[in-house]
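Chemist: Residue numbers (the working numbering), protein chains in the order written: chain A, 1 to 489; chain B, 1 to 303.
Misleading hints may appear alongside valid ones.
[Said to hold, decoys possible] Listed below are several chain B residues computed to face chain A (Cβ distance under 8 angstroms; list not exhaustive):
| no. | residue |
| --- | --- |
| 1 | Ser15 |
| 2 | Ile16 |
| 3 | Gly20 |
| 4 | Val21 |
| 5 | Val25 |
| 6 | Thr30 |
| 7 | Lys34 |
| 8 | Glu36 |
| 9 | His40 |
| 10 | Gly41 |
| 11 | Lys258 |
| 12 | Asn263 |
| 13 | Leu266 |
Source of the hints: derived by calculation from the structure; they are not laboratory data.
Because the structure is a prediction, the values reported are computed rather than measured.
Virtual Cβ for every residue (Gly too), placed ideally from N, Cα, C.
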Amino acid sequence: MAKKKPGKEGVNWDYSPSLESTSHISILPKYELFINNEWVKPSSKKYFKTTNPANEEVLSEIAWANDHDVDLAVKAARNAYNDVWSKTSPKERSKYIYRIARLMQEQARELSVIETLDAGKPIRESRDIDVPLACNHFFYYAGWADKLEFAFPNQAMEALGVAGQIIPWNFPLLMAAWKIAPALAAGNCVVLKPAETTSLTALKLAEIIKASGLPPGVVNIVTGHGDTGAAIVNHPDINKIAFTGSTNVGKIIQRAIAGTGKKATLELGGKSANIIFDDAPIDQAVEGIVNGIFFNQGHVCCAGSRLFVQENIAELVIRKLKHRMDSLYLGNPLDKNTDIGAINSKEQLETIEKYIKIGISEGAEIYQSACELPGKGYFCHPTIFTNVAQSSRISQEEIFGPVLSIQTFRTVDEVIQKANNSPYGLAAGVWTDKGSRIFNLTSKLRAGVIWANTYNKFDPTSPFGGYKESGFGREGGLHGLGAYLKMKL
Amino acid sequence: MKVPISLNKLPISPSIDKVGVEERVARFQTRSIKNESKRHGLDLVLSMIDLTTLEGKDTPGKVKQMCYKAHHLHDAYAGVPNVAAVCVYPSMVRIAKTALNGTDVKVASVSTAFPSGQSTREIKITDTKFAVDEGADEIDMVISRGKFLAGEYNFVFDEIASIKEACGKARLKVILETGELCTLDNVRKASDIAIYAGADFIKTSTGKIQPAATMQVTYTMLMAIKDYYDATGIMIGMKPAGGISTSKLALHNLVMVKEILGNNWLNNEWFRFGASSLANDVLMQIMKLETGVYQSSDYFSID
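Working from the sequences, and respecting the hints, build out all of it.
Modeler: In structure tokens:
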């Protein structure tokens, strides 16, 4: 009997494709607007296509709401607020929110697959991060709904009324959960508009909300482009605008609502600093750099897109980072082994490519990971730039893609100054073995979220939001709940 | 051949963040190994096993039976590779060597007053030389954990270097006994000392102390190997031992080796599993892949 000899040379062992099944999901060929727990045809009669950015195939057609449709949705929300929701006991509110959370959990697999198809993000992330975290937001705020007087002791409070919520395409379902859960817990009704490239999971959430028996009109979901969002912002009967998206649009919204008495929370762009000191746990810091900038293809408002490495370890860190980048799997987002999925849209890919060209023309040194790009779909190599200056555009402007600019620094004071020298202030990361240094930096960095020896960690209990052009107001935790309440004392 | 370097050339070991390591390791465990990749991986695992018996009650009869299994893992199915080696006490080396005559299975011997290492330098060197003279191809020594924890790194370094010398042509595996070092910072420091003192292989555990080869520990040691390779171009082998009893865990270890060190380490020259019950679980999985059904443990010989 012939025996195989144990191999002496290295073998070329690799992972077989391991595609998540799509047989269990249902996507309708066409989606209407979700108003009053009914599917309503848009009076615009217009629909737009939503595609899978990984292969450019059309997934479904989505209703495009105009001013009239938005008005219908706001009226539905106002009526629901006046007649039902404001009279529903907090304990009952809580039950509905729990029910939504549990139904989402039951459908977690379907939600993850649809999120991956529509947004291009790897199934590993939508399955392990987006969807569980979205469920947790509902669970967390369900717990507060009947305990508001303990959340804000010695205060009398009431709901704001109707909240208009506009969310981005980078974490479609998660952002919907961030917005809807605290609004409902505080007793508000909602008109939510998902981003035009990623409406599907919000519409699946609408199905879940309907199935949960939530009274009609409490949550309305209107799909569309920027004009739909503008109609929400400008609607006179909305009490609060919650927006997550670009700083430019944030500024437009703030101008539009000036003097109207509408409250607002804006969660905008960022160019967050990830700072590595020479005493840091280097290998874990490298992992943190990768999580900071390549998580969700860099489509993360708090992405650690500016890396500051202490000059004496820069060479080592960059070498290790390049090696780690080469072990990232880029490809079909449905493959369970994919680390880097597709860029969300053609437009975004063009923006990213534009910035890569700018980086090269600014004289920065580029390194892109060794992986091959698929022939179809919108993909971009994980990219780093070294020899970047503080005055380079690629270290000042938000790219919103898998592109990292690396600068070196010498002293603690220098890096604090450089990190703060930005119109943004959303997040920062600090990597050091020294506890006192962590406290020194966290008190001096002007950013809403600061991670120590980790990056891109999210939890429903933890408030999130920015300084300066990264916006104002906080989401998550008690802060996020307070943002949907009017304090009367 | 690899020669020891003096302790003052030893670089300062980087600090290790346990939480970060746990997260990184969890990522390896989400890799999905299926079909072809799984079948190939399982063959690799089998070929990397050091089939081990290290008991006070070991007898020639027990060792001979294990040695026969080492090159007849599952005769019911053709095309299963042999394990890499058997691992025994020095007193059993000659018996194992004779039993494995004419096969490609190596004989590894533990030494240096295994498992505690609480003895004198002279006895440890004698122990090692005896095993080599009896025919051991590989020596699995233990470091003096007491000395390490007391901060006597010079002692630990010199001891490894002197055992390396006593090994002659036999390859030296250095067991850190990570379960007694407790922190990943210590694991990293001990890895660096062992590698710079002349280890051909670094090994997690004796199998007598829990926890043994956790993925966190193996990850930390692989990073030490990676850093040494980047600095010198010299490859060091890795052997997690103790606690790896399932195919799934073994495959996750391969994933880790592949992604940190690359395919060059994916053979039994550079990676081994110290395990006694792993082989049968792998065989069971292979037979499942080949026949479509699971067979009970009674269909796989225990020795």
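Chemist: Checked against the structure, which of the hints given earlier come out wrong?
Modeler: 5
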